[in-house]
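Protein chains: 2
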Amino acid sequence: MRRELEELEKIIDEAQGNTGASLVIKNVSIFHLTTGEMSRGDIAVCGDRIAGVGETYGGEREIDGSGLTAVPGFIDAHVHVESSMITPFEFERCVLPRGVTTAVCDPHELSNVAGTKAIDFFLDSARRMCMDLRVQISSCVPATPLETAGAELSAADVCRYAAEPLSSGLAELMNVPGVLSKVPEVLEKAAAFKGRIDGHCPMLVGKALNAYLAAGVRNCHECSTLEEAQEKLRKGMQILIREGSVARNLDTLLPLITVGNAPFLGFCTDDRNPLDIAATGHLDYMIAHAIESGADPLAVYRIASYSTAQHFGLRDRGLIAPGYKADIVLLSDWRKCRIAHVLKNGRIVDDALFASRGLPPDPSAFLNSIQLQKVTADCFKVFSKKAETPVIGIVELSLTTEHLELELPFDGREKKCAPELDVAKIAVLERYGKNGGIGLGFVKGFGMKSGAIASSVGHDSHNICVVGTSDEDMALAVNALIDSQGGFAVVNRGKVVDVMPLPLGGLLSDHDFETVEKELLRIHEAVKVTGCPLETPFLQLAFLPLPVIPFLRITDRGVVDVAGFDFIEV
Amino acid sequence: MRRELEELEKIIDEAQGNTGASLVIKNVSIFHLTTGEMSRGDIAVCGDRIAGVGETYGGEREIDGSGLTAVPGFIDAHVHVESSMITPFEFERCVLPRGVTTAVCDPHELSNVAGTKAIDFFLDSARRMCMDLRVQISSCVPATPLETAGAELSAADVCRYAAEPLSSGLAELMNVPGVLSKVPEVLEKAAAFKGRIDGHCPMLVGKALNAYLAAGVRNCHECSTLEEAQEKLRKGMQILIREGSVARNLDTLLPLITVGNAPFLGFCTDDRNPLDIAATGHLDYMIAHAIESGADPLAVYRIASYSTAQHFGLRDRGLIAPGYKADIVLLSDWRKCRIAHVLKNGRIVDDALFASRGLPPDPSAFLNSIQLQKVTADCFKVFSKKAETPVIGIVELSLTTEHLELELPFDGREKKCAPELDVAKIAVLERYGKNGGIGLGFVKGFGMKSGAIASSVGHDSHNICVVGTSDEDMALAVNALIDSQGGFAVVNRGKVVDVMPLPLGGLLSDHDFETVEKELLRIHEAVKVTGCPLETPFLQLAFLPLPVIPFLRITDRGVVDVAGFDFIEV
Chain L
50 MRRELEELEK IIDEAQGNTG ASLVIKNVSI FHLTTGEMSR GDIAVCGDRI
100 AGVGETYGGE REIDGSGLTA VPGFIDAHVH VESSMITPFE FERCVLPRGV
150 TTAVCDPHEL SNVAGTKAID FFLDSARRMC MDLRVQISSC VPATPLETAG
200 AELSAADVCR YAAEPLSSGL AELMNVPGVL SKVPEVLEKA AAFKGRIDGH
250 CPMLVGKALN AYLAAGVRNC HECSTLEEAQ EKLRKGMQIL IREGSVARNL
300 DTLLPLITVG NAPFLGFCTD DRNPLDIAAT GHLDYMIAHA IESGADPLAV
350 YRIASYSTAQ HFGLRDRGLI APGYKADIVL LSDWRKCRIA HVLKNGRIVD
400 DALFASRGLP PDPSAFLNSI QLQKVTADCF KVFSKKAETP VIGIVELSLT
450 TEHLELELPF DGREKKCAPE LDVAKIAVLE RYGKNGGIGL GFVKGFGMKS
500 GAIASSVGHD SHNICVVGTS DEDMALAVNA LIDSQGGFAV VNRGKVVDVM
550 PLPLGGLLSD HDFETVEKEL LRIHEAVKVT GCPLETPFLQ LAFLPLPVIP
600 FLRITDRGVV DVAGFDFIEV
Chain C
50 MRRELEELEK IIDEAQGNTG ASLVIKNVSI FHLTTGEMSR GDIAVCGDRI
100 AGVGETYGGE REIDGSGLTA VPGFIDAHVH VESSMITPFE FERCVLPRGV
150 TTAVCDPHEL SNVAGTKAID FFLDSARRMC MDLRVQISSC VPATPLETAG
200 AELSAADVCR YAAEPLSSGL AELMNVPGVL SKVPEVLEKA AAFKGRIDGH
250 CPMLVGKALN AYLAAGVRNC HECSTLEEAQ EKLRKGMQIL IREGSVARNL
300 DTLLPLITVG NAPFLGFCTD DRNPLDIAAT GHLDYMIAHA IESGADPLAV
350 YRIASYSTAQ HFGLRDRGLI APGYKADIVL LSDWRKCRIA HVLKNGRIVD
400 DALFASRGLP PDPSAFLNSI QLQKVTADCF KVFSKKAETP VIGIVELSLT
450 TEHLELELPF DGREKKCAPE LDVAKIAVLE RYGKNGGIGL GFVKGFGMKS
500 GAIASSVGHD SHNICVVGTS DEDMALAVNA LIDSQGGFAV VNRGKVVDVM
550 PLPLGGLLSD HDFETVEKEL LRIHEAVKVT GCPLETPFLQ LAFLPLPVIP
600 FLRITDRGVV DVAGFDFIEV
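Protein chains in written order, with the working numbering: chain L, 50 to 619; chain C, 50 to 619.
In short, the hints are calculated from the structure, not lab data. Accuracy of the hints is not assured; some may be wrong.
In this list, chains with the same sequence are indistinguishable; a pair is considered to hold if it fits within one copy or across any two.
For lysine to any residue, the following SDA-like pairs were computed, each having C-alpha atoms within a straight-line distance of at most 25 Å [to be verified]:
| no. | residue 1 | residue 2 |
| --- | --- | --- |
| 1 | LYS423 | LYS483 |
| 2 | LYS59 | ALA204 |
| 3 | LYS166 | ALA414 |
| 4 | LYS435 | ASP382 |
| 5 | LYS243 | THR449 |
| 6 | LYS577 | LEU421 |
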């Protein structure tokens, strides 16, 4: 209390100009997200708070704001940090300078590998970081009963985080069938996090959508059509517009971005890899692209900050206003979202800020997560009774897949892939030493002529997935990942071409962001030797085991028809 | 937990149409406050929640919604229930049928009389009522050191309510000078309710406004000009547009009401008497009047519900959407806000609902609050050294007063009122038996030719205030209130013409709403015998002791110059 009173005294003095402010941004153009006006003046910062705006102030330290525009720090409404393949400490080095002062993350990927240890690792990281990382509590580990994950989070495991102050609620409740059929474990979680439940319900409509919402779910980041988003909006759902590396909905949902809709919208990246962040940006890219495409800048900046703050009950941020958190982005070009400086909690974001952090939490518990025995080419043979085959059709830059039915080369007993039809073989191998299951199937769209690529990132159970045109190369690729304890591998004609290690849970690199970026560029280049022309082949592969997104998927237990929520014969 | 799970199972079933809903509003036009669309369909209600919207449902009980439009229940963002002169139980009988399903009240008036007993009485009432009465914790009792109140709430008294679940925060922090000069007691309260502080800062601008906001204040209902409101909006303040019985800002602030501003606006009544509620309405009147005056209906209905719900962190209400509270207003004419039915927590608001309530809390602690000895005409004599006099100029339908300087009849020793100049004498008498102080002054604008009127309602300390043209009549009027233990009195030429008793703390009637309405009409009629033409003479009188609103005021300690926040000689 004593410290709080002293802080209040200090900010009241500084706001009145009785004493100099800790930091003053002089003569800056302030974008008032309340009225939509831009006005020129000073912003006085006292500690981690804004003391005054729009008047003239002097301070110990001054930033020349002329030519710059101040907007509130951006908030990523839904992100899996693991998709950037870097640790939370590196994640903030990557996105905080891009204006993302708050991110609502779901440690769902690492939780599937390591359970509550993963949640605790993220919470512990969040406590030591500069940016505000809100850690939602992963609701669906494993995501479905159709797969084998490294860990299971029981309702009790999840509910013990219900009062966690660094969390804003339950992370995306993907188990829609579980809600609709009233599975007790699912409802226990929903009851514990009543009204603070993030959603995930692609293409859900009508009464089923009503029921899902009635269970207390409040948002969805999975809208891929305007009609879908509009029904959800009508029914009170917060629409989190996503621009990930694979799933990109910003262009489709652009017409939603109006000042009228702004209170009910958010921006999120969900799964965005370091290459995209480095090359095109993060929320800064979404903001610039939306404005360039004609969206109202007031709506855009509100959505990027205030609306999402309100949605998650973060009532201390989202405006450049006295008493609010001093999370401020200074733009040299507000239409293009060109960032000159970022302030987080009143501190200038630079190398010195990151250097001032303590040590990151120890990640060693996540090492040695691949408990799979070496495999041989025989493991990948597909025996069948007919040539007709359900084939997963990938759609570039979309999470959705097609459910194709194709005739594949068939000798009456064994079924093979058909590179000439762009059909490769795909396998998912249980990697936690639990049952050694291997799911086998076929996939169209990778454009591979030879070789194989393998990944220990495979949503959401993160078993090893491998796609290839040769069983031998597939085996070699998987074995390379066992040696590296996770990561990505490229094999061609009996030779390991490249391996990018991700030793932390098979998901995260222990390298810095810049190194990971280089490694990714190198391995993407390596993939080309197989003939695969995809921009993000490993991301595209990583989402194929995800049985909560339509239409056809594959897990360690087999090929899944998502509509029927069951396995089908290959 | 068991009951919560059963409720979840039930609502999921009813939302899917697996089982009939408890209640269905059939074929109603739903005003979607998210998208602004109107669509026709059913609303299924399960218990106190909305289960489904926009689909076809069947239920145990059905309401024909054809020709009706459904909007979310209204929220009064700031109200003193005491200003309706009825108990909380009667207040909801009065406003809930008008669509006000939630009200954020400040028991400031009764707290000034009886301290924490008053807060507890409101909280206890709220627990037993049908509507949601959110009880803010009165922050300034007494409002200023310039007056004598019946009770004092220390910082400790106030802070012990900081975690009260039926409260949304600290009630209007009127002591602006206390904030700016960092009075420790004031800052302790601000620290305990950080970010949940209601404001009250008429005409505050510039750095002083910044400092007040930096202390954690979040809204203001005292804006009387557009410019004032716009600066406050720019600085992140929620503007609660007020239409009370005296202070009426709706017309002035109408241009603010746009879809763009809607997230940052609310509607409130502050102080509204039963006559206005009966004759013209409550929030329903504000809504109809705003729409009739050209405001965007989407903005208006958002402001009346969703925006205010969000502002106070009431995340379960403000939309007609699955999972939200079934607080629904069914309108026969949505432009005119004509109400056909109201549902509160899924229950139809009717006499049966009110009859189903338990007993109200015992109010007997508030009886016998007038501890004043009988007075004589001599008590009201004003002795002075000069004819020049600061005179309070009242402005009809405004809380603000003018600071006039007039020459009054003066015999070298005693100063008298001047009915021919429309100047009457005014006195405020300390009524709690603490010091027997009497403040004396002069007031212009009551239009009295003879007699006196007296009131035990006198914001905010609620000492007895009396205005008249004859010292004898003033004494008689005060003595009549001592006999009735509070209320309003009209005296003319030595005769008590009428008394309306308000025996609970001298503020509230123990009669029902309808009776209070009749009594008020009768006493307003009675006032006319004095020549006073004011529509609401007692309300106008009741606000004259309020030393937090510019410019000239009077308390039991004397005439106050609000600008200087000190007494001046009469």
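Quiz item: Honestly, which of those hints from before does the structure not fit?
Solution: Structure breaks hints 4, 5 and 6.
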